[in-house]
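Peer 1: Listed below are the residues making up each chain.
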Amino acid sequence: MAALLSVQGVCAGYRGVPVLRDVTFDVAPGSVVAVLGPNGAGKTTLLRTLSGLLPLTAGTVRFDGQDLAAVPVARRVRLGLAHVPEGRGVVEELTVAENLRLGGLWRRDRAEVARAMAQVYELFEPLARRREQPAHQLSGGERQMLALGRALVARPRLLMLDEPSLGLAPRVVAQLMAVLATLRSSTGLAVLLVEQNVRSALSIADTAVVMSLGEVVAVRPAEELRADDTLRRAWWGFWPS
Amino acid sequence: MGAVYTTFALSLVLIWRAARIVNFAQAAISVAAADVAWAVGSRVGGWWLGLLLAPLAGALLGGLMERLVIRRLGPERHLDAIIAAIGVTMVVQAVLGMVFGLQYRPLPAPVSQTVLTVGGVPTLSPYKLLVLGAVVLLGVGLALLFSRTAVGLRLRASALAPEVSRLLGVEVERMTTLAWGLSAAVGAFAAMLVLPTGPGLHPTAMDGVFLTAFTAAVLGGLDSPVGAVAGGFAVGLVLNYVTGYTDEPNLAPVALLGLLLAVLLVRPSGVFAGPTIRRS
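Chains as they are written, first to last, in the working numbering: chain A, 25 to 265; chain B, 225 to 504.
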């Protein structure tokens with residue numbers, strides 16, 4: 025099957041300091057790809073580059089066959105590429121409902137947006153109860169639900185999540201992962217999941233891209249990584265339990 | 225004239241919220257917009273058409289200023305932007321002087337400015353009632369725009385969280401231009417309302433209003449539209465008391481600057497400023 029997202033030899037960085045070097049991998053439609061690696065591996069930089077917040081210095085990014093080089097950030101979500109940034113990224117002064125509306129403003133079909141919002145409220149019940157509250161009153165888990173729900177209002181084909189489990193209780197993380205697994209099987213949503221929480225990421229991923237110091241050091245089926253202890257030790261020197 | 229100070233203060237707050245810049249060119253731009261509007265209005269349509277045209281001209285000038293000057297400076301150069309705004313003021317005032325001359329040209333009010341006396345008590349003039357009504361309408365309109373419409377939501381989100389907004393498909397640059405245009409439109413609207421109460425049109429005719437409105441906006445907290453409204457009326461009252469009790473109109477600017485200084489010393493964030501939540 026043709027890749028939904030194809031990353032070829034990508035280099036990028038901040039103000040002339042290179043971070044990513046020759047990053048290459050694919051995301052197939054409807055698959056979950058986990059990007060794993062320790063702090064400073066370039067995982068967040070990778071997502072910021074893919075969504076266009078950082079310019080490429082080399083390589084190409086194709087989404088559904090289209091080269092994204094000339095597509096500005098605000099246009100990428102229209103193609104079906106959604107990015108939930110690190111640290112939740114909810115707009116704290118806006119209410120829950122306003123945050124969700126914001127995710128669908130670019131869409132012309134108002135009824136479709138209303139349907140998508142209703143589905144998000146169904147999926148994340150705490151949000152429905154807090155509709156009219158400003159987002160800064162939400163708990164960490166609720167914020168993550170809001171950020172995720174807001175991305176879903178755009179009905180993306182590929183959802184890029186940056187550390188969704190950061191600072192959340194294990195039970196909440198498990199809930200989020202379950203939601204992602206459900207969405208994937210019911211809507212064919214592909215997910216590019218950046219995580220430090222290796223265990224929860226591998227629990228739903230098909231493929232794992234392992235990064236270290238800005239380079240991809242391995243692309244393996246998640247199955248293999250779950251089973252193979254020696255590989256994991258080789259990459260990290262230890263296994264976070 | 226607290227209502228007009230309020231409106232002009234609101235126009236300053238609009239830009240502050242969108243770009244964290246005090247637009248020192250607002251006075252010159254609003255006069256320019258009023259000049260253009262009156263150049264048409266004095267021939268056809270009168271003051272009323274002028275009141276409609278001034279915000280349009282203002283929006284155009286404000287948007288142009290953002291596109292041609294402010295954007296080129298880049299997002300983090302707030303101090304440079306303020307200096308650039310002062311530069312824009314000088315250019316605009318010089319151009320106005322060349323085109324329209326340096327003498328005051330009267331801008332007549334559409335209705336009487338004679339104070340109405342009801343049962344022996346002097347109240348407001350018909351023109352002041354008109355101004356009050358126009359300002360209330362504008363305030364309600366702006367509140368609805370920001371709270372109820374998609375554009376309002378985009379404007380707020382772009383100001384509060386530009387990067388996240390961009391990721392969600394909001395054209396943030398367009399919203400910034402729009403915010404500058406909207407702000408200048410409100411400023412021009414205020415100019416059309418206030419200029420008939422003074423000697424008229426002149427390149428520097430709005431400078432005094434700017435100073436008053438700036439004090440009002442700072443008093444209310446530059447971030448808060450409600451604060452701008454309250455600040456506008458508070459400053460209007462202070463000015464009336466000072467000039468009314470001392471019978472010395474020249475004290476007004478002194479009182480104003482004293483008030484500005486006091487606010488900056490005692491409570492620089494303003495009386496109505498909430499906690500600031502901003503992120504990239």
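Warning: the hint list may mix true and false statements.
[What the hints assert, rightly or not] Label-pair restraints from in silico Cβ distances: (1) B:Pro-299 - A:Pro-194: 50 to 58 Å; (2) B:Leu-488 - A:Ser-210: 42 to 50 Å; (3) B:Leu-297 - A:Arg-131: 48 to 56 Å; (4) B:Arg-291 - A:Leu-103: 24 to 32 Å; (5) A:Gly-89 - B:Leu-361: 34 to 42 Å; (6) B:Asn-474 - A:Arg-131: 56 to 64 Å; (7) A:Glu-156 - B:Gly-432: 53 to 61 Å; (8) A:Gln-220 - B:Gly-432: 19 to 27 Å; (9) A:Gln-143 - B:Leu-361: 55 to 63 Å; (10) A:Asp-46 - B:Pro-492: 28 to 36 Å; (11) A:Cys-35 - B:Glu-397: 38 to 46 Å; (12) A:Gln-161 - B:Arg-291: 33 to 41 Å; (13) A:Pro-245 - B:Pro-492: 46 to 54 Å; (14) A:Glu-156 - B:Pro-332: 28 to 36 Å.
Rather than coming from a laboratory, the hints here were simulated on the basis of the structure. Each residue gets a CB set at the ideal place from its N, CA and C atoms; glycine is no exception.
Peer 1: State for each hint whether it applies.
Peer 2: Do the hints match the structure? See the list:
1. B:Pro-299 - A:Pro-194: 50 to 58 Å: Violated, since Pro-299 of chain B and Pro-194 of chain A (Cβ atoms, about 39 Å apart) do not stay within the stated range.
2. B:Leu-488 - A:Ser-210: 42 to 50 Å: violated (58 Å)
3. B:Leu-297 - A:Arg-131: 48 to 56 Å: violated (34 Å)
4. B:Arg-291 - A:Leu-103: 24 to 32 Å: holds (27 Å)
5. A:Gly-89 - B:Leu-361: 34 to 42 Å: violated (52 Å)
6. B:Asn-474 - A:Arg-131: 56 to 64 Å: holds (59 Å)
7. A:Glu-156 - B:Gly-432: 53 to 61 Å: Given range 53 to 61 Å: violated, Cβ gap about 42 Å.
8. A:Gln-220 - B:Gly-432: 19 to 27 Å: violated (59 Å)
9. A:Gln-143 - B:Leu-361: 55 to 63 Å: About 39 Å separates the Cβ atoms of Gln-143 of chain A and Leu-361 of chain B, which means 55 to 63 Å is violated.
10. A:Asp-46 - B:Pro-492: 28 to 36 Å: violated (50 Å)
11. A:Cys-35 - B:Glu-397: 38 to 46 Å: Violated: the Cβ-Cβ distance is about 26 Å, outside 38 to 46 Å.
12. A:Gln-161 - B:Arg-291: 33 to 41 Å: The hint (33 to 41 Å, Cβ to Cβ) holds, given that Gln-161 of chain A and Arg-291 of chain B are roughly 38 Å apart.
13. A:Pro-245 - B:Pro-492: 46 to 54 Å: violated (59 Å)
14. A:Glu-156 - B:Pro-332: 28 to 36 Å: Once the Cβ atoms are compared, 48 Å apart, the range 28 to 36 Å for Pro-332 of chain B and Glu-156 of chain A is violated.
Figure legend: structure checked against the earlier numbered hints; hints not met, in rising order: 1, 2, 3, 5, 7, 8, 9, 10, 11, 13 and 14.
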